[in-house]
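Go by the hints and put chain L onto chain G.
Listed below, chain by chain, are the residues.
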Amino acid sequence: MTEAALKGAGSTRLFVLPRFLTAEHPFPWLFPAAALMTIFGIYPLVYAIGLSFFKKNAATRKMVLDFDHNWTKMLYDERVWNALFNTLVYTGLALAFQLVLGMLIALLLDSERKGYALLRALMTLPLVIPPAVTAMMFLLMLNGSFGVLSRGLIAMGLLPVGFSILGNADTALAGVLLAEIWQWTPFMVLIMMAGLRSLPKEPFEAAAIDGATAFQVFFKLTLPMMSKVIAIAVLIRGIDLFRAFDYVKVMTDSGPGTATETLTSYAGRIYFGNADFPYASTIALMTLIIVIVVSSVFMKIFKVKL
Amino acid sequence: MSFKDHDKKTYIVDLAKDFGARRISKRDFLRKAGMAGIGFSAFNTALLGNTRPFRGTSLVGDAAYAQDVEMNKWLKDAAKPFKGKKIRYTSEATPPTVVLDKLKGEFTEITGIEVEIEIVPLEQVLAKATQDVQGQLGTYDLYYLDQSWVATFAQDTVDPQQYYKDKPNLAMPGFDFDDFSKPLVNGLAMYNGKWAGIPFDIPIMSTMYRADILEKHKIAPPNTVEEFTAAVKMITQAEKGNGIYGTGLQAKSGHYSLNCDWTQMIWNEGGSIFTADKKFSGNDEAGIRGLEVYQEWLKNSPPESTNSTWDGQWQMGASGQVAIINSWDEFFPGWDAADSKVQGLWQIKRPIQGKHGLRAVDKAGFGEIPNWGHQGGSVLGLSKYSKNVDAAWLFMQWACSKDIMVRCTLGGGFAPMRISSFADKRVKAKEVVGPGTTRHLPTVLEIINKDMASEPDMPLWAGFSNNEIPVNLGKLLTGQDFGGSAKKCMDTIASLIDAQVKEAGL
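Which chain is which? The protein sequence lines are G and L, in order.
Quick note on numbering: the first sequence equals residues 3 to 308 in my numbering.
Quick note on numbering: the second sequence equals residues 4 to 509 in my numbering.
Isolated chain G, as found in the complex:
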């Protein structure tokens, strides 16, 4: 309500809004969001970029300007390449499993029969558990001595007695992925379900009249029509997976050795363990650059518009 309107509304003026708030200029309305973005997004980013150009002496804690020290060091750091490889494997496998399982479950639950609404609601439960708690649950369940999952696999003869899934370099990543997939598959289910529900009915009715099989309907109609939805789901989950930290930190702390070390967990170890803030920032920036480049290419190829 403007000042004039307030005056006209009655003889008593309750309050008058400041002029800048009643103007049509977008500044007052954009300012809070812009300020938050600057403080929590842009400033830390600029600070991290600045930090990456310093070299820190671990003994004296003094930092000197050395533009290429960390960036060059990173190129020759085998652990960075190992972490990048692990990150890509982690992202790829988790995405593949979540996508396939998400689609299958969505197809199963896409029904109006009695009880399905409850099943759909139950599917969302894992999503409300914080990843760190999920990781803790799986850490206990995968314990070689008393974990329920490990003991189950041992009882079935699939693992030797006492085998430590998370303590073995060959199986640790699979253990971590198990938690990741369990928790985030329902997210894929929700997106796929929303996509399935938005598809037009006519093509499916026509296919049914033409006698198309379920496989033909899925591969010739459902999948192509869902491509945009799938692309967005892959993009959102892909970005999130590339920054994998919680499960790795809690379940294996990047180990055994570096078997589950991802870019973010390696950056964390350098930051908190060695207190080499400039080098940790450089690794974090590289992660950001990779995410931006890959996402942009993906969006271009699949014509995704956000």
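One or more hints might be untrue.
Straight-line C-alpha distance at most 27 Å; calculated DSS-like pairs for lysine-lysine [unchecked claim]:
(1) G/LYS64 <-> L/LYS405
(2) L/LYS505 <-> G/LYS57
(3) G/LYS64 <-> L/LYS281
(4) G/LYS64 <-> L/LYS282
(5) G/LYS57 <-> L/LYS79
(6) L/LYS387 <-> G/LYS75
No lab work stands behind these hints, which were simulated from the structure alone.
All values derive from a computational prediction rather than experimental measurement.
Same frame as chain G, now just chain L:
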């Protein structure tokens, strides 16, 4: 991920770990989870139940011990100017901290100074302290400083002995610095001739064994590395089918616990981490020998050893999975707890020794002290950047006073720092099997006086002992790299460490 986000996540992780380790109750877990915004989703974890008893809160007895009236009277007067102040302290869940957290209310009641103790895992403590000193923020008034970090943080703390002299009006009467065990002061608290803090915790490696299992197999408690190795092999062979292994290790890759095990193995074989010329020497003959013995021990340990820190190793002992352990004495009281399945079955002795003797201190570098009993102690450091340094100083003196240290020992059964505490009548009275037992303390005192070993004092050690060394050891022990060759692993670590030492100009 932003730092705020990181903090929130780590808070939830710590909370879940505390619950899993039985350090907090189900009720507390749900309440705190609610505060963190998890709400009912935490219920799922709560339903898992408490599966991992630990040496923490369950040890604290209900017995109320009389307070030192004179000390309290002095405290009340001295603290008048600081009434209403709040001091913060972050620490790992060491037994003294856990007990102190329970007693801190008494201090607040007397002084009006509020005390907030953040109990988080070791690596989190390091991260918080590092951030605090790098920015000279003064977020924490007191630091828990593990012995491996003392050199790193010595420049950031106030020398307590000097401060005691400089501030006579705040100097607690009868505090008695001379009462602190000399080996602890020299090996733990001192750096470059200065007290970096006051000794606060002294877990030390000892040899602990299940008397019943050894008796069953007619094995004498081992005195040497060779006897230990032979015993664990024999027991594993005989008992593996029953789920019992010869020993258990804290060999979690990338964790400081693995570094502790490894250093002891090197010292046992007559080696050291550094030589006098400041070169890494874990890859010399003695170092390789030590690591190879450790690889042998690992074969006779529960497979979960490679994913276990000291919590897991303690659990192996508590669940009856292992027969002999060369590790922290502070495991002992937990095994004697009221709800323990192994109550009274574990015995303690001085740590095993190697046949090659010890490397002389003057042949090791950076103040390293090779010996048979690795100490994993900590000091309580007073932050130079604290905004409430005097209030924190009062709390520090109270926490390290004779009275409170004895009461902490009585509450948790762990080794005290003060010579007088060992001889205290109340401590002596608990030298029996049962919760909070102190029956291991006479042996612990002997180990402190005769066998105490210390890791190098160097600013880079916190990083090496939490990253380069345990990560590469983890690669070796889990078969990720080095093809089982201890030499290759040690050579890799040597090249990484020597390069960094050189770059830092040490």
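Now for the hints, and whether the structure bears them out:
The straight-line distance between the Cα atoms of G/LYS64 and L/LYS405 is roughly 40 Å, outside the 27 Å bound, and the hint therefore fails. Pair hint L/LYS505 plus G/LYS57 holds up; C-alpha atoms about 15 Å apart against a cutoff of 27 Å. Between the alpha carbons of G/LYS64 and L/LYS281 the distance comes to roughly 22 Å, so the proposed pair stays at or under 27 Å and holds. Straight-line distance between C-alpha atoms of G/LYS64 and L/LYS282 comes to about 23 Å, which keeps the hinted pair within the 27 Å bound.
The suggested pairing of G/LYS57 with L/LYS79 is violated, with an alpha-carbon distance near 49 Å, which exceeds 27 Å. Between L/LYS387 and G/LYS75, the direct Cα distance comes to roughly 34 Å. Violation of the 27 Å bound is thereby established for this hinted pair.
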